[in-house]
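Just so you know, the sequences run in chain order A and B.
The numbering of the first sequence is our numbering, which starts it at 1 and goes up by one.
The numbering of the second sequence is our numbering, which starts it at 1001 and goes up by one.
Just to be clear, a hint being listed does not mean it is correct.
[Said to hold, decoys possible] Straight line, CA to CA, 35 Å or less: simulated DSBU-like cross-link-like pairs of lysine-lysine:
id	chain 1	residue 1	chain 2	residue 2
1	B	LYS1032	B	LYS1095
2	B	LYS1152	B	LYS1026
3	A	LYS87	B	LYS1152
4	A	LYS152	B	LYS1087
5	B	LYS1026	A	LYS95
6	A	LYS95	B	LYS1095
7	A	LYS95	A	LYS152
8	A	LYS152	B	LYS1152
9	B	LYS1032	B	LYS1087
10	A	LYS152	A	LYS26
11	B	LYS1095	A	LYS26
12	B	LYS1095	A	LYS32
13	A	LYS95	B	LYS1032
14	B	LYS1095	A	LYS152
[Said to hold, decoys possible] Derived DEER-like restraints, expressed as beta-carbon distance ranges:
id	chain 1	residue 1	chain 2	residue 2	range
15	A	GLY61	B	MET1001	25 to 33 Å
16	B	ARG1059	A	GLY49	53 to 61 Å
17	A	GLU29	B	MET1001	15 to 23 Å
18	B	PRO1158	A	LYS32	47 to 55 Å
Think of the hints as simulated: they come from the structure by calculation, not from any bench.
The beta carbon of each residue, even a glycine, is placed where N, CA and C say it ideally should be.
Number of protein chains: 2
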Amino acid sequence: MTTHLVLAARAFGASGATYTGRRDPKLEETVKGVVSDWGGRFSLEFADGWRGVVQGWRRSGRVVHLTMYGLLLRDVISEIRDDPADKLVVVGGAKVPGEVFGLADWNVAVTSQPHSEVSALAVFLHELLEGRGLGAVFEGARLRVVPQERGKRVEESPRGV
Amino acid sequence: MTTHLVLAARAFGASGATYTGRRDPKLEETVKGVVSDWGGRFSLEFADGWRGVVQGWRRSGRVVHLTMYGLLLRDVISEIRDDPADKLVVVGGAKVPGEVFGLADWNVAVTSQPHSEVSALAVFLHELLEGRGLGAVFEGARLRVVPQERGKRVEESPRGV
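Isolated chain A (complex conformation) (with noise of 0.2 Å):
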């Protein structure tokens, strides 16, 4: 389920993901291996705890949690992209301490229904980069996917594009 989500962090913009609870050397190498094959500048970090990840970021930048108990997408997103301040988006369902409500600058509903951390994130970022993500071209790739209409084809650069 981390390896989706942080995957779908890198795919719709995002340019970092930091996650904490049991270190997890597989994901880590996972998404080490996605970077190096697919391309552009993306940061995996692990910490201990989430509280001093969130503190440290209110410092310069702005907190969105994504909890279906929060403000309706449709009803924030503007005032959100137009805050231009860097943005850490918290996610982790029903593991989210009550205290994470309080220490963000927004409580964000992706839909006021269960579905998951994985479909949130995605919808969030595609809605706050407005689709930036569909089209986005990864610097340094080793492999490039050419749209097909049927089968798969797959250019490699040895020294990436």
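Assemble chain B onto chain A, guided by the hints.
Just chain B now, with coordinates in the frame of chain A:
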């Protein structure tokens, strides 16, 4: 993962889902519980094999296969949206057999980057239905979130709303 996928399908406007592979009573129970609590009509079905589902669907509807190797979403979404037939959206990541590429009416890439079936499905439905999921009302819900700036507020309706 399948639970997240099915709940994302429901939240973003699908009328039902069919899963294949191994029957999963826990998945079925979770989804049944979500529909009973949060309302709307949504059917979850199990099928022994994917081929019968896809071929049966093709008799009256159209098939969209989400794959990072397909045509870019932004290039084909209007065509898919304008097609009046009911759509079956096939997702399965790396486990999808090559044959699906040939049976699909559209192979669609929700970005040409690796991410997640969950994020691909959510963003696809979000675009197909032009954001309808974001404020959808699910009829007959026992529970209803009242969007809040902070904290959680859930109203309960014993007979559904």
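The hints, checked one at a time:
no.	hint	result
1	B/LYS1032 <-> B/LYS1095	26 Å, holds
2	B/LYS1152 <-> B/LYS1026	27 Å, holds
3	A/LYS87 <-> B/LYS1152	23 Å, holds
4	A/LYS152 <-> B/LYS1087	23 Å, holds
5	B/LYS1026 <-> A/LYS95	20 Å, holds
6	A/LYS95 <-> B/LYS1095	29 Å, holds
7	A/LYS95 <-> A/LYS152	38 Å, violated
8	A/LYS152 <-> B/LYS1152	45 Å, violated
9	B/LYS1032 <-> B/LYS1087	23 Å, holds
10	A/LYS152 <-> A/LYS26	27 Å, holds
11	B/LYS1095 <-> A/LYS26	20 Å, holds
12	B/LYS1095 <-> A/LYS32	22 Å, holds
13	A/LYS95 <-> B/LYS1032	22 Å, holds
14	B/LYS1095 <-> A/LYS152	14 Å, holds
15	A/GLY61 <-> B/MET1001: 25 to 33 Å	31 Å, holds
16	B/ARG1059 <-> A/GLY49: 53 to 61 Å	55 Å, holds
17	A/GLU29 <-> B/MET1001: 15 to 23 Å	20 Å, holds
18	B/PRO1158 <-> A/LYS32: 47 to 55 Å	52 Å, holds
Hint compliance for this structure: hints 7 and 8 are broken, all remaining hints hold.
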